[in-house]
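Each residue of the sequence shown is one higher than the last, beginning at 1 in the working numbering.
It should be emphasised that the hints constitute simulated quantities derived from the structure, not laboratory data. Cβ coordinates follow ideal geometry from the N, Cα and C atoms, glycine included. Incorrect hints may have been included.
As the list claims (entries may be wrong) - What follows is a set of in silico ranges between Cβ atoms, one per label pair, in the way DEER data are often shown:
hint, residue 1, residue 2, range
1, Asn16, Glu89, 39 to 49 Å
2, Phe22, Leu54, 40 to 50 Å
3, Gly92, Glu59, 29 to 39 Å
4, Val20, Val106, 28 to 38 Å
5, Gln13, Gln56, 18 to 28 Å
6, Asp81, Thr27, 14 to 24 Å
7, Glu52, Gln13, 30 to 40 Å
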Amino acid sequence: MILTTTPTVEGKQIVNHHGVVFGEVITGINFVRDFFAGIRNIVGGRSGSYEEELIQAREAAMQEMEKRATEMGANAVVGIDLDYEVLGENNGMMMVIASGTAVTVV
Numbered sequence: 001m002i003l004t005t006t007p008t009v010e011g012k013q014i015v016n017h018h019g020v021v022f023g024e025v026i027t028g029i030n031f032v033r034d035f036f037a038g039i040r041n042i043v044g045g046r047s048g049s050y051e052e053e054l055i056q057a058r059e060a061a062m063q064e065m066e067k068r069a070t071e072m073g074a075n076a077v078v079g080i081d082l083d084y085e086v087l088g089e090n091n092g093m094m095m096v097i098a099s100g101t102a103v104t105v106v
């Protein structure tokens, strides 16, 4: 599966558009990470635990989008966009959405 943020795939021709495809992931952020991230905010620096959570959520959303594109008969997704949101009470949930256009390229 070819996954790209560009509207085309260089060297390939889009022969079929299957439609818009999404992959969504909502994950909870636990209080231990929140606690250590709060300390990190006070003393400065990067929050490795939040970064790892974000990486895992992004990869899961991309995998879900790829799975759905495959089910539609596509062999590529073009124009991929990633969106991030914080949800829930006290912003305790993180949502990552990957979207793009499922296509067949040759």
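These are the hints, each one checked on the structure:
| no. | hint | result |
| --- | --- | --- |
| 1 | Asn16 <-> Glu89: 39 to 49 Å | 44 Å, holds |
| 2 | Phe22 <-> Leu54: 40 to 50 Å | 18 Å, violated |
| 3 | Gly92 <-> Glu59: 29 to 39 Å | 21 Å, violated |
| 4 | Val20 <-> Val106: 28 to 38 Å | 21 Å, violated |
| 5 | Gln13 <-> Gln56: 18 to 28 Å | 35 Å, violated |
| 6 | Asp81 <-> Thr27: 14 to 24 Å | 19 Å, holds |
| 7 | Glu52 <-> Gln13: 30 to 40 Å | 39 Å, holds |
In this structure, the hints that do not hold are numbers 2, 3, 4 and 5, in rising order.
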